[in-house]
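Those protein sequences? They're chains H and Y, same order as listed.
Reminder that position 503 of the first sequence reads as 483 in the numbering used here, one-by-one numbering, no gaps.
Reminder that position 97 of the second sequence reads as 427 in the numbering used here, one-by-one numbering, no gaps.
Source of the hints: derived by calculation from the structure; they are not laboratory data.
Check before you lean on any hint, since a few could be wrong.
Claimed, not checked - Covered stretches of chain H (chain Y as the covering partner; in silico rule of three or more C-beta atoms under 8 Å from a C-beta of chain Y): (1) 99 to 111; (2) 139 to 151; (3) 308 to 317; (4) 453 to 465.
To be verified - Taking lysine-lysine pairs in the BS3-like style, the calculated list, with each CA pair at most 25 Å apart, reads: (5) H:K311 <-> Y:K482; (6) Y:K704 <-> H:K31; (7) Y:K704 <-> Y:K694; (8) H:K39 <-> Y:K704.
Predicted model only: the values in this text are computed from it and were never measured.
The C-beta atom is built at its ideal place from N, Cα and C for all residues, glycine as well.
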Amino acid sequence: MIDETVVLLSRWQFAATALYHYLFVPLTLGLSFILAAMETVYVTTGRPIYKQMTQFWGKLFLINFALGVATGLTMEFQFGTNWSFYSSFVGDIFGAPLAIEGLMAFFMEATFVGLMVFGWERLSRGQHLAVTYLVALGSNLSALWILIANSFMQAPSGAVFNPLTMRMELSSFAELIFSHDAQAKFVHTSIAGYVTGAIFVCGISAWYLLRNRHVELARRSFRIAALFGVLASLGVITLGDALGFVGGQAQPTKLAAMEALWKSEPGPLPFNLVAFPSQSEQTNYGEVQVPYALSLLVTHSLDGSVPGIDELEQRAEQRIRNGIPAVQALKALSSNPDDAAALATFRAHEDDLGYGFLVQRYVADPAHVTEADIARAARDTIPPVALVFWSFRVMVALGLAMLAFFVLAVLYTLRNTVERQRWFLWLAVWMIPIPFLANEAGWLVAEMGRQPWTVFGMLPTWMSASTHGVAYMAFSLAGFVLLYGIFVVVEMYLMVRAIRQGPDGPDVEAPFTPDHAPATVLPAGNRGP
Amino acid sequence: METYLILQITWWLLLGVLLIGLAVMVGMDMGVGTILRYVGRTDMERRVALNIIGPHWDGNQVWFVLGGGAIFAAFPLIYATAFSGFYVVMLVLLWSMIVRPLGFEYRGHLDSPRWRAIWDWALFVSGCVPMLVFGAAVGNILQGVPFHFDWKLTSSYTGSFLALFNPFAILCGLLSVALSVYMGASRIMVGAEGAIRARAQRAATVGASAALVLYAVGGVWLRMISGYTLVASPAPGTPQTPLQQTVTQAAGAWYANFSAHPALWLLPALVFVALVAGLLALRNGRALLGWWLGALGWTGVIGSVGAAMFPFMLPSSSVPAQSLTLWNASSSSLTLVWMLGFTVVFIPLIVWYTSWAFYVMRGKVSEEQVAADKHAY
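With the sequences and hints as input, model every part of the structure.
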């Protein structure tokens, strides 16, 4: 039986390293396309300032990229080091997208990033532009395959359990990669990266404008990022809604936790704008509700309904009862793969195998399960409601705030009045941490909302961890915290230093004429200073 | 069954190819890190050495990531059992490796000599420690690793952390460091001139000579080590778990495949021929040829280990009957087919654009060039 402390420490370590890695990845995703956009303007117009912009933002891109690569290395191996049973149980399916990510995406990204940095003098303009696009394409394809892998954990499809090998095996590659969850999640997450990149560029440009430094570079960067950002933040919200819709069907427990919906009720359901959920009492305090809104959001109809936690717990209880014989039969098959009676029992109950595993947390021998064990295991199927509920609200609120910010940013920049709005420039600077917070909150909704499963409905988290001792886990977690702590200090120091230094070389003093800006939104009286 | 068998063997061979790619490409950059402080006496000389591999280390490092991904996808039980069993060593490997991207990227940001000295040491550690761990891991696998499974294949490792640092494993670790020094040094010779090149040549000579001696000693030592023989198991090419086998242990058993198929002796012979020829090539100033011969040397080393162990991949010293072989640790037929498809399409593509990147960045790196280029490391 696995030590609960070890499982907890393994979860903390995975969460800490994944959340940390995920600080750097979205910026890479977004900034790479912004770089490509700037360089495209450089190549098509030949204006040197766009080359300076590409190189300056490229420098910041690389400071961030190095840490993204470094922390990504540990992620690739952490499934094996710390989630050993998970790895052997679903490696047949989950390993493939990770390997394909290396083959198709990361190789391309990493090879061409070298040429992007070192190739300015050796490549033609067109070649260098192509290289920059390949870096952007590589990093985004990378996200695609990682999120396909993640979606298998959220809404497993294209896999069956094979009792002969005692693991999940691939049954349809197409179902794995074209799962609805994977598609919605990829677009939602990668576009969240574009928002992150856009806010980053807007914020730093605003800081230059406030200081009256590198004004030409900052104005143009601000405009490109604002346009990119307004489209991206609209996309994030639309796809977030789609992901909620798809994910709610695949994981009703996550949806119920996101909305703190303790009881099943007929529609129309109100939306809890604010609530203080109590897991032990299974009720909310201090609810502030918007009538009809939840039905509208999750069923896209005015009077639709979704199951509440009480109903989901009852369903889980049924499935646990049905899953216990599956575990028993599997144990018999493990020592004798030719046991036909055991195979027949297993086939009759295999859909609930994961639920059978759940109760093993309390009693290893399936023959000795009590009613109390079943009730405890059923209660385990509910994720930590308050955490998921509030992470979700933080993410959505920040997402809406960023959309509002970009709408104003586009308005001001197209009318060339952004430099007069000093309050707005300060706001832009203070917006820089916002997308990072929203991204982390989104990760928490997705991964905490999936609990108690690593693979939803199939493999409980407690079973997935490696069988290490507490001392090993304490050592490794402490090591990661120390090392990553040093890294982030160094990275922030270099980033701030590079921003303070500004672009290389003298400012390119091309007068700012809005000739290449969309002329229709530039009334003559509004051209700014 | 036939198809599955062929797929399993294909993937076993492909894993060998990926490991050779990892050893050659990542090992080369790590070798440069290991000897950085020796070949470069001044900061500028070190920058020259770093800028020789500067445009390529990031891409090369993906062989490591891909190696991990491919083991996960094609041999999930190996990925799960080996990496959790070697937990502390894996952490040492990963922690030393993740300093490397920062060493390359952050070193040049400040002019302070102390700052640069810190990253020089970081690059040294992140060059030789991972290579030592790679080699030592193989050394331990050849001796068997103490692990076993419960009925649902949860693996438990029962050995101590310190037991992994036994003399044979250290010898294998040093062999891998020596080969990486040789590869890194010959790469520097390709890209540098003058004093740096001369020092690199000395490092390469030491690396190749040490590798020759260590490989020969390791080969003799392996005869005394207790190897494993698969006596009975479900038929190869059928779905199975590692719970239904009979395995025996005997000294010299790792030589059984060589006795049965004498043609396999070509693999160890390749190591000696390639490394001796490599030394001669470097002496004649043929650095690139020397590098390619080093890559052949790696092929011989990894190939001979694979040939000795076949069909074993991770023998268990505590419960030999639960040893992992390519028959019981590989993925399902469908996964292997899909992965093969992707590999067949993308590996040639990767080789093609990597070659193009090397072609674009061809030529010597000089101090003047590094000083003038604001993008240089």
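These are the hints, each one checked on the structure:
For the region 99 to 111 of chain H, the proposed coverage by chain Y is satisfied: 5 residues have a C-beta within less than 8 Å of a C-beta in that chain, meeting the threshold of three. Note: the region 139 to 151 of chain H has 8 residues with beta-carbon separation from chain Y under 8 Å; the three-residue rule is met and the coverage holds. Taking a C-beta to C-beta cut-off of 8 Å, the region 308 to 317 of chain H contributes 5 residues in contact with chain Y, enough for the three needed, and the coverage statement holds. Counting residues of the region 453 to 465 of chain H whose beta carbon lies closer than 8 Å to any beta carbon of chain Y gives 4, which meets the minimum of three for the stated coverage.
Distance check on the hinted pair: K311 of chain H and K482 of chain Y sit about 7 Å apart at the alpha-carbon level, within 25 Å; holds. Taking the CA atoms of K704 of chain Y and K31 of chain H, the gap is about 14 Å. The hint holds against a cut of 25 Å. Restraint check: the Cα-Cα separation between K704 of chain Y and K694 of chain Y comes to about 17 Å, which is no more than 25 Å; the hinted pair holds. Distance restraint check for K39 of chain H and K704 of chain Y: the Cα-Cα separation of roughly 11 Å lies within the 25 Å cut-off, and the hinted pair is therefore satisfied.
Going through the hint list in order, the structure satisfies each hint without exception.
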